[in-house]
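Chains as they are written, first to last, in my numbering: chain C, 4 to 73; chain R, 133 to 321.
Fair warning: there could be bad hints in the mix.
Facing chain C, according to a computed beta carbon distance under 8 Å, are these residues of chain R, among others [as the list claims (entries may be wrong)]: (1) His157; (2) Ser164; (3) Asp166; (4) Leu235; (5) Lys236; (6) Leu268; (7) Trp269; (8) Asp272; (9) Gln276; (10) Lys278.
Rather than coming from a laboratory, the hints here were simulated on the basis of the structure.
Since the structure is predicted, the reported quantities are computational estimates derived from the model, not experimental observations.
From the three backbone atoms N, C-alpha and C, an ideal C-beta is built for every residue, glycine too.
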Amino acid sequence: MAIDNEPTQTATPPPVERLAYSIEEAAQMLGINYHSIYRLIQRGKLKACRALRGKLLISRDELLKLVKSE
Amino acid sequence: MNHHQKPTVQQEQAAVEVKTAFAEHLNQFNASCDAVRDIEGNQSAIANDAFKSALLSRDQNKTIQTDDGTEWRHDLDLSKISSVCHRRIAGQIEFAVVESLSLKPGTEMKEVLNRGDNVREVLQGFIRDQRQVLRLWKEDLNAQVKEHLAEKYPGQDMSLVADSFEYKITQAISETYVHAQSQSHGMRV
Numbered sequence: 004m005a006i007d008n009e010p011t012q013t014a015t016p017p018p019v020e021r022l023a024y025s026i027e028e029a030a031q032m033l034g035i036n037y038h039s040i041y042r043l044i045q046r047g048k049l050k051a052c053r054a055l056r057g058k059l060l061i062s063r064d065e066l067l068k069l070v071k072s073e
Numbered sequence: 133m134n135h136h137q138k139p140t141v142q143q144e145q146a147a148v149e150v151k152t153a154f155a156e157h158l159n160q161f162n163a164s165c166d167a168v169r170d171i172e173g174n175q176s177a178i179a180n181d182a183f184k185s186a187l188l189s190r191d192q193n194k195t196i197q198t199d200d201g202t203e204w205r206h207d208l209d210l211s212k213i214s215s216v217c218h219r220r221i222a223g224q225i226e227f228a229v230v231e232s233l234s235l236k237p238g239t240e241m242k243e244v245l246n247r248g249d250n251v252r253e254v255l256q257g258f259i260r261d262q263r264q265v266l267r268l269w270k271e272d273l274n275a276q277v278k279e280h281l282a283e284k285y286p287g288q289d290m291s292l293v294a295d296s297f298e299y300k301i302t303q304a305i306s307e308t309y310v311h312a313q314s315q316s317h318g319m320r321v
């Protein structure tokens, strides 16, 4: 059968891009401290959404938008 | 749960674990509370110094161009990233708190946070905004701790640990406010 000659697929799947990040992760990605992230949210420069228990999350798109807009 | 009861061994362990897990947050939160307290406590002196700087300055003060295209003269720093600046328009002096924030990868935001012709009011607006930031931070931190406890200790009552954490950070903000009230009482620019 032709299938016998096909190479075995052992490659690892590509990393899945995250949809949203915590404050700590966002701070690390932007290279700023936590206070600055909360300031950006308070000023409406970064839109955050709340997870089930009320924790703030920032979408990947928002982070990219902020970096691109500057 | 009766919060007057002695915490269980597991609750005590959880409290230590939470303190470790959120150590960086707590350090930064307390440092920010201290910074706001310093500005609040010294706002009259800061306003006086900024006003004097603006009156005496001609062209020697550093120029800062903000993202909206306006140009400001630096008067004094409030923190590593924010400063009080001024500009002259139609014979009047306009004051502003300007923030310069360097973002990865190599971009910089220079934004006017608060502005007006009364430097004291500009500072008060800045402090009010900082208090909102601390409240937002506090709410998020409490939610993060609750989520952390629920995931780490499923099905167990850790409300005493969460409440104790919340009390601690609420106290940090309250102390900032009380301190500022006592410092600024009776002072005028």
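These are the hints, each one checked on the structure:
Because the beta carbon of R/His157 sits about 6 Å from the nearest beta carbon in chain C, less than 8 Å, this interface hint is met. With 8 Å as the threshold, the beta carbon of R/Ser164 comes within range of chain C, its nearest partner Cβ sitting at about 5 Å, so the hint holds. Because the beta carbon of R/Asp166 sits about 12 Å from the nearest beta carbon in chain C, more than 8 Å, this interface hint is broken. Annotation: interface hint on R/Leu235 holds; nearest CB of chain C at approximately 5 Å, less than 8 Å.
Below 8 Å, beta-carbon pairs count as interface contacts, and R/Lys236 has one with chain C at about 4 Å; its hint therefore holds. With a cut of 8 Å, the hint placing R/Leu268 at the interface with chain C holds, because the nearest CB-to-CB distance is about 5 Å. Interface hint status for R/Trp269: upheld, as the beta-carbon distance to the closest one in chain C is roughly 5 Å, under 8 Å. For R/Asp272, the shortest C-beta to C-beta distance to chain C is roughly 5 Å, which falls under 8 Å, so the interface hint holds.
Given the 8 Å rule on beta carbons, the hint for R/Gln276 holds: about 5 Å separates it from the nearest Cβ of chain C. The closest approach between the C-beta of R/Lys278 and any C-beta of chain C is roughly 5 Å, which is under the 8 Å cut-off, so the hint is satisfied.
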